[in-house]
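Each chain, written out:
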Amino acid sequence: MGTALVESVFSIDSEVLNVVLLSLKVSGTAVLIGALIGVPIGMVLGLKQFSGKQIVMRFVDLTLRSIINTFMGLPPVVVGLVVYLLLAGSGPLGPLGLLYTPTAMMMTQLIMVIPIIIGVTMSAVGSVEKTIREKALSLGATEGQAAWTVLSEARMGLLTAVIVAFGAAISEVGGIMITGGNIRWFTRTLTTAIVQEVNLGDFNRAITLGVILLLMAFATNLALTIIQLRGPKR
Amino acid sequence: MPLIEVRNLCREYSGRQVLKDLSFDVQNGEICVLVGPNGAGKTTLLRMLDLLDEPTTGRILFDGKEIDYSADDKVAMRRRIGMVFQQTVLFNMNVFDNVAYGLTVKNEDKRSVEKKVKTALELVQLRNFESKNALTLSGGEAQRVALAQALVTEPELLLLDEPTANLDPRNVSIFEEALLRVNRERKTTMIMATHNMFQAQNVAHRVAVLNEGRIERIGTFQEVFGMPSKFLVDFARLENVFSGVSKITGEGTSLIDVGNGLKIEAAFEKTGDITVFVRPEDVILSVNPIVSSARNSFEGRIVEVSDMGRIVKLKIKAGRDFRVQITKRSFNEMQLNVDSKVFLVFKASAVQPV
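Quick note, the sequences are listed as chains G and C, same order.
Numbering follows the working numbering, in which position 107 of the first sequence is assigned residue number 106; successive positions increment by one, without gaps.
One gets the working numbering by counting positions in the second sequence from 1 and adding 10 to each.
Please keep in mind that the hints were generated in silico from the structure rather than gathered at the bench.
Cβ atoms here follow ideal geometry from the backbone N, Cα and C, with glycine treated the same way.
Treat the hints with care, as some may be off.
Claimed, not checked - What follows is a list of derived Cβ distance ranges for each label pair: (1) C/N206 with G/V43: 39 to 47 Å; (2) G/S126 with C/R137: 53 to 61 Å; (3) C/T230 with G/P39: 27 to 35 Å; (4) C/D82 with G/S126: 46 to 54 Å; (5) G/K47 with C/S340: 53 to 61 Å.
As the list claims (entries may be wrong) - Distance condition first, Cα-Cα at most 27 Å in a straight line; then the derived DSSO-like pairs of lysine-lysine: (6) G/K47 with C/K280; (7) C/K116 with G/K129; (8) C/K116 with C/K84; (9) C/K351 with C/K280; (10) C/K197 with C/K273; (11) C/K197 with C/K125; (12) C/K323 with G/K129; (13) C/K338 with C/K351; (14) G/K129 with C/K84; (15) G/K129 with C/K142; (16) C/K280 with C/K257; (17) G/K47 with C/K116; (18) C/K128 with C/K30; (19) C/K120 with C/K84.
What the hints assert, rightly or not - Examples of chain G residues toward chain C, derived with CB under 8 Å: (20) L35; (21) T130; (22) E152.
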């Protein structure tokens, strides 16, 4: 058993490779598109200062922030269910025939990561917004130049947002299981494959996949830690 | 001619009056120091002068022209003003880019930027720091970079919000030296908030005492601290404050019995309970008894020595405890230490009623 496990862990066959690549492709694409959408929104929300006089704007601002915070903790299974209902044959997007495809999985993870990216970007920008903006203005910057300086000072935070989102996406299982269907050679990722192998009782294979997933999560967090250690001490 | 005229300035934050009907002038080329406890309104006032905040009512005139807080474009005005914040804020770039920031936002040409940054860094004694990352500097170096950032554009008005509150004595003296030099050479007007009495004495042409949103007093350091009010005793932590019973002993003199066998002669006529103080710098210290015109001479023993950089503060037991301040040089030359026997000498006119 012991040697079998070791052999299994080190024998990365083509199917495992396929599973790993699909995981990277689905989560990577979701995070990439998510960043393109979420980072600018997070920046605007982080930069925007609503003064005390505009009570309506303040209310809108508070509501928006609460919604984002709620969505940051969105259960992936629920996202999966919603996307399933949208893409299912009788659903509004049914005719596109996307259910049980990598695209459907990507869409699921995209919905999941956007609030995370917006939220982390927003707080990264917000945390330097007041001091950096005022400093820049006091040195004679225009509002536009000051905003640019704030974003540039928050750049480490933006990278953090992307890495946190990738970490969440790569380890997610409930959502893509529903919308991807865990089809062998087609929509099977690391996480769904582990569920499959455990169900089949092939624990050696499940552990192999688990170790790979763990290593990927570790690499992601290592990158994050390095960035945070090198980042400005504020 | 005044560069700054503050007229009936009020500022309210959600019902709390931070500044209450403030009016004063700052002359061109003057260093005006604002002293006052936390919450007195010093920061609020400086932020308004830098157009980072606006008055609830009242107005500020800069160079004879009223500052328009409703203007969309405050940039032109701000570019005539520099500000150093208490909390050091630097950008995550190297020191050169940090100092050059105020010039690059104005699109100054590269050669002139290089020259001005070099001059500014020399002023704060940070030559060859250009390529260092600003976030790796020590607290003192970082705040000196912040000063260079504000000085590089040669502003007409420099605002300083307790800039040396977190610095050690060496950095403080480099910082003050730079301020005095810029004021002398460029005639830059400065308004600085501070808690530090020594700093006010070192750099101020005039001192304004701010308390609870009002200016309590304004004048030269002598005028303001020569005759302190009860508030000042408390805020300025006046030392050598003694309470006792005073008796008139002759024309223009009184003897005050402050307990422990200590009787202090004062150059005023008062009877009854009184509180007086003697400023530490008005006390002369000698190793041997000296014959002089000073009416007060007491023998005592040094019980505490605190090194404040260029000066040394001593606590001396002579019936009652006295605080005395002498230069480091005198301290060394007189070979003083804890337990040394010394004589305290001060004039009757140095004894001031609170």
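Cross-check of the supplied hints:
1. Between C/N206 and G/V43 the beta carbons are some 42 Å apart, a value that agrees with the proposed interval 39 to 47 Å.
2. Checking the proposed 53 to 61 Å range against G/S126 and C/R137 shows it is violated: the Cβ atoms sit about 33 Å from each other.
3. Against the hinted window of 27 to 35 Å, the Cβ-Cβ separation of C/T230 and G/P39 comes to about 56 Å, which falls outside the hint.
4. For the pair C/D82 and G/S126, the supplied restraint of 46 to 54 Å is violated, since their beta-carbon distance comes to about 27 Å.
5. In this structure, G/K47 and C/S340 meet the distance hint of 53 to 61 Å, their C-beta atoms being roughly 60 Å apart.
6. With a C-alpha separation of about 64 Å, the suggested pair G/K47 and C/K280 falls outside the 27 Å cut-off, and the hint is violated.
7. Under the criterion of a C-alpha separation no larger than 27 Å, the hint pairing C/K116 with G/K129 is consistent with the structure, at around 22 Å.
8. A distance of roughly 14 Å separates the Cα atoms of C/K116 and C/K84; the hinted pair therefore holds under the 27 Å criterion.
9. The suggested pairing of C/K351 with C/K280 is violated, with an alpha-carbon distance near 32 Å, which exceeds 27 Å.
10. Distance hint between C/K197 and C/K273 is unfulfilled; the C-alpha atoms sit about 49 Å from each other, more than 27 Å.
11. Annotation: proposed proximity of C/K197 to C/K125 holds, straight-line Cα distance about 20 Å (limit 27 Å).
12. As the CA atoms of C/K323 and G/K129 are separated by approximately 41 Å, the hinted pair breaks the 27 Å bound.
13. For a cut-off of 27 Å, the pair hint linking C/K338 to C/K351 stands: about 18 Å separates their Cα positions.
14. With a C-alpha separation of about 17 Å, the suggested pair G/K129 and C/K84 falls inside the 27 Å cut-off, and the hint holds.
15. At most 27 Å may separate the alpha-carbon atoms for a hinted pair to count; G/K129 and C/K142 meet this at roughly 25 Å.
16. Using a Cα cut-off of 27 Å, the hinted pair C/K280 and C/K257 holds, with the two alpha carbons roughly 6 Å apart.
17. Between G/K47 and C/K116 the alpha-carbon distance is near 24 Å, which keeps this suggested pair within the 27 Å criterion.
18. Taking the CA atoms of C/K128 and C/K30, the gap is about 42 Å. The hint is violated against a cut of 27 Å.
19. Distance check on the hinted pair: C/K120 and C/K84 sit about 25 Å apart at the alpha-carbon level, within 27 Å; holds.
20. Look at G/L35: its Cβ only gets to about 24 Å from chain C, farther than 8 Å, so that hint breaks.
21. Hint on G/T130 holds. Least Cβ distance to chain C is approximately 5 Å, under the 8 Å limit.
22. Against a cut-off of 8 Å between C-beta atoms, the interface hint on G/E152 holds, since the closest Cβ of chain C lies about 6 Å away.
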